[in-house]
Amino acid sequence: VFGVGAIGALFVALLRCLGVEVLGVDVNPNRLGIAERLGARAVDARQGSVEQEVRALTGGRGADVSIVATGSVRAVSSAISSTRSGGVVCLFGLPSSGTKLDHDFSELLVREVSLVSSNAASEEEMVEALDLISRGKVRGSELITHRFSIGEFGRALEAFEKGEGVKIVITP
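My numbering puts the first residue of the sequence shown at 80, with every later residue one more than the last.
Just so you know, the hints here were simulated from the structure itself, not pulled from any lab data.
Among the clues, some could well be false.
Claimed, not checked - With a straight-line cut-off of 30 Å between C-alpha atoms, the simulated DSBU-like cross-links for lysine-lysine are:
id: 1; residue 1: Lys216; residue 2: Lys246
id: 2; residue 1: Lys179; residue 2: Lys241
id: 3; residue 1: Lys179; residue 2: Lys246
Claimed, not checked - Okay, the calculated beta carbon distance ranges per label pair:
id: 4; residue 1: Ser220; residue 2: Val189; range: 27 to 33 Å
id: 5; residue 1: Arg226; residue 2: Glu191; range: 22 to 28 Å
id: 6; residue 1: Gly138; residue 2: Ser197; range: 25 to 31 Å
These numbers were taken from a predicted model, which means no experiment stands behind them.
Backbone N, C-alpha and C fix where the C-beta goes; we use that ideal spot for every residue, glycine too.
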(Lines of atoms letter the chains of each structure in order from A and count residues from 1; the text may use other names and numbers.)
(Lines give C-alpha, C1' and ligand atoms only; values in the text may rest on other atoms or scores of the structure.)
Protein backbone atom coordinates (compact mmCIF):
# COMPACT_ATOMS: atom_id res chain seq x y z
CA VAL A 1 0.00 0.00 0.00
CA PHE A 2 1.62 3.22 -1.18
CA GLY A 3 0.46 6.12 0.99
CA VAL A 4 -0.67 5.22 4.51
CA GLY A 5 -3.00 8.12 5.18
CA ALA A 6 -6.59 7.44 6.23
CA ILE A 7 -7.54 5.51 3.08
CA GLY A 8 -4.22 3.69 2.83
CA ALA A 9 -4.47 2.70 6.49
CA LEU A 10 -7.95 1.31 5.83
CA PHE A 11 -6.53 -0.73 2.96
CA VAL A 12 -3.80 -2.05 5.27
CA ALA A 13 -6.37 -2.99 7.93
CA LEU A 14 -8.66 -4.67 5.40
CA LEU A 15 -5.87 -6.61 3.72
CA ARG A 16 -4.48 -7.78 7.07
CA CYS A 17 -8.01 -8.88 8.03
CA LEU A 18 -7.97 -11.03 4.89
CA GLY A 19 -4.63 -12.56 5.86
CA VAL A 20 -2.58 -10.76 3.21
CA GLU A 21 1.07 -9.90 3.88
CA VAL A 22 1.16 -6.12 3.53
CA LEU A 23 3.92 -3.58 3.01
CA GLY A 24 3.05 0.02 3.91
CA VAL A 25 5.07 2.60 1.95
CA ASP A 26 5.14 6.24 3.02
CA VAL A 27 7.47 9.19 3.63
CA ASN A 28 5.85 10.16 6.92
CA PRO A 29 7.27 8.44 10.04
CA ASN A 30 3.93 8.77 11.88
CA ARG A 31 2.11 7.01 9.08
CA LEU A 32 4.76 4.31 8.88
CA GLY A 33 4.13 3.72 12.59
CA ILE A 34 0.41 3.33 11.90
CA ALA A 35 1.18 0.84 9.13
CA GLU A 36 3.25 -1.23 11.54
CA ARG A 37 0.62 -1.01 14.27
CA LEU A 38 -1.93 -2.34 11.78
CA GLY A 39 0.33 -5.29 10.95
CA ALA A 40 2.13 -4.12 7.81
CA ARG A 41 5.87 -4.03 7.27
CA ALA A 42 6.86 -0.39 6.93
CA VAL A 43 8.90 0.79 3.95
CA ASP A 44 10.27 4.31 4.37
CA ALA A 45 10.19 5.94 0.92
CA ARG A 46 12.78 8.48 2.10
CA GLN A 47 15.38 5.73 2.61
CA GLY A 48 16.95 4.36 -0.55
CA SER A 49 15.08 2.64 -3.34
CA VAL A 50 11.49 1.64 -2.59
CA GLU A 51 11.58 -0.77 -5.51
CA GLN A 52 14.67 -2.56 -4.18
CA GLU A 53 13.22 -2.74 -0.66
CA VAL A 54 9.90 -4.16 -1.89
CA ARG A 55 11.70 -6.73 -4.02
CA ALA A 56 13.97 -7.66 -1.10
CA LEU A 57 10.93 -8.19 1.14
CA THR A 58 9.16 -10.30 -1.51
CA GLY A 59 11.99 -12.67 -2.33
CA GLY A 60 12.92 -10.72 -5.46
CA ARG A 61 9.50 -11.04 -7.10
CA GLY A 62 7.85 -7.74 -6.32
CA ALA A 63 4.35 -7.15 -5.01
CA ASP A 64 1.48 -9.14 -6.50
CA VAL A 65 -0.77 -6.10 -6.15
CA SER A 66 0.19 -2.54 -5.35
CA ILE A 67 -2.48 -0.13 -4.14
CA VAL A 68 -1.63 3.53 -4.56
CA ALA A 69 -3.66 5.44 -1.98
CA THR A 70 -2.02 8.79 -2.66
CA GLY A 71 -2.04 11.22 -5.56
CA SER A 72 1.77 11.27 -5.64
CA VAL A 73 3.19 10.63 -9.11
CA ARG A 74 6.38 9.36 -7.49
CA ALA A 75 4.33 6.76 -5.59
CA VAL A 76 2.61 5.61 -8.80
CA SER A 77 5.95 5.21 -10.54
CA SER A 78 7.43 3.35 -7.56
CA ALA A 79 4.38 1.09 -7.40
CA ILE A 80 4.70 0.17 -11.07
CA SER A 81 8.39 -0.67 -10.65
CA SER A 82 7.74 -2.55 -7.37
CA THR A 83 5.00 -4.77 -8.78
CA ARG A 84 5.88 -8.23 -10.10
CA SER A 85 5.59 -9.14 -13.76
CA GLY A 86 1.93 -9.88 -14.43
CA GLY A 87 0.90 -7.99 -11.29
CA VAL A 88 -1.65 -5.23 -10.80
CA VAL A 89 -1.31 -1.62 -9.71
CA CYS A 90 -4.57 -0.17 -8.38
CA LEU A 91 -4.69 3.63 -8.51
CA PHE A 92 -6.97 4.84 -5.74
CA GLY A 93 -5.36 8.11 -4.63
CA LEU A 94 -6.60 11.28 -6.27
CA PRO A 95 -3.89 13.39 -7.94
CA SER A 96 -4.25 17.11 -8.51
CA SER A 97 -6.02 18.00 -11.74
CA GLY A 98 -3.58 18.14 -14.65
CA THR A 99 -1.02 15.82 -13.03
CA LYS A 100 1.04 13.93 -15.62
CA LEU A 101 2.63 10.52 -15.12
CA ASP A 102 6.19 10.33 -16.43
CA HIS A 103 7.10 6.65 -16.48
CA ASP A 104 8.76 4.36 -19.01
CA PHE A 105 5.67 2.99 -20.72
CA SER A 106 7.58 0.00 -22.12
CA GLU A 107 8.03 -1.31 -18.56
CA LEU A 108 4.27 -1.83 -18.31
CA LEU A 109 4.18 -3.74 -21.57
CA VAL A 110 7.33 -5.82 -21.17
CA ARG A 111 6.44 -6.88 -17.62
CA GLU A 112 2.68 -7.04 -18.32
CA VAL A 113 1.79 -4.90 -15.30
CA SER A 114 -1.88 -3.91 -15.31
CA LEU A 115 -3.05 -0.49 -14.18
CA VAL A 116 -6.54 -0.36 -12.68
CA SER A 117 -8.17 2.77 -11.34
CA SER A 118 -10.90 3.21 -8.77
CA ASN A 119 -12.19 6.23 -6.92
CA ALA A 120 -15.20 5.09 -4.97
CA ALA A 121 -16.87 2.07 -3.45
CA SER A 122 -20.14 0.63 -4.69
CA GLU A 123 -23.12 0.41 -2.36
CA GLU A 124 -22.49 -3.34 -2.00
CA GLU A 125 -18.85 -2.71 -1.06
CA MET A 126 -19.89 -0.09 1.50
CA VAL A 127 -22.29 -2.57 3.12
CA GLU A 128 -19.53 -5.19 3.22
CA ALA A 129 -17.07 -2.67 4.72
CA LEU A 130 -19.52 -1.61 7.42
CA ASP A 131 -20.19 -5.28 8.19
CA LEU A 132 -16.45 -5.93 8.66
CA ILE A 133 -16.26 -2.95 11.02
CA SER A 134 -19.38 -3.91 12.98
CA ARG A 135 -18.07 -7.47 13.44
CA GLY A 136 -14.73 -6.12 14.67
CA LYS A 137 -12.77 -7.61 11.77
CA VAL A 138 -11.54 -4.13 10.82
CA ARG A 139 -11.21 -1.81 13.79
CA GLY A 140 -11.69 1.76 12.63
CA SER A 141 -10.66 3.00 16.06
CA GLU A 142 -7.08 1.87 15.31
CA LEU A 143 -6.90 4.54 12.64
CA ILE A 144 -7.65 7.38 15.05
CA THR A 145 -4.37 9.02 15.94
CA HIS A 146 -5.60 12.23 17.56
CA ARG A 147 -8.68 13.42 19.45
CA PHE A 148 -9.43 17.10 20.02
CA SER A 149 -12.33 19.04 21.47
CA ILE A 150 -14.01 21.63 19.26
CA GLY A 151 -12.17 24.28 21.27
CA GLU A 152 -8.89 22.76 20.09
CA PHE A 153 -9.81 22.99 16.42
CA GLY A 154 -6.71 25.07 15.67
CA ARG A 155 -4.44 22.40 17.17
CA ALA A 156 -6.29 19.72 15.21
CA LEU A 157 -5.82 21.63 11.97
CA GLU A 158 -2.14 22.14 12.76
CA ALA A 159 -1.65 18.41 13.40
CA PHE A 160 -3.40 17.64 10.11
CA GLU A 161 -1.35 20.15 8.12
CA LYS A 162 1.90 18.79 9.59
CA GLY A 163 0.90 15.26 8.59
CA GLU A 164 0.99 14.12 12.20
CA GLY A 165 -2.32 12.32 12.13
CA VAL A 166 -3.98 9.68 10.04
CA LYS A 167 -7.52 10.15 11.30
CA ILE A 168 -8.22 13.11 13.55
CA VAL A 169 -11.47 13.22 15.53
CA ILE A 170 -12.97 16.46 16.80
CA THR A 171 -15.63 16.15 19.50
CA PRO A 172 -18.09 18.77 20.80
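| field | Hints violated by the structure (listed by number, smallest first) | value | 4 and 5
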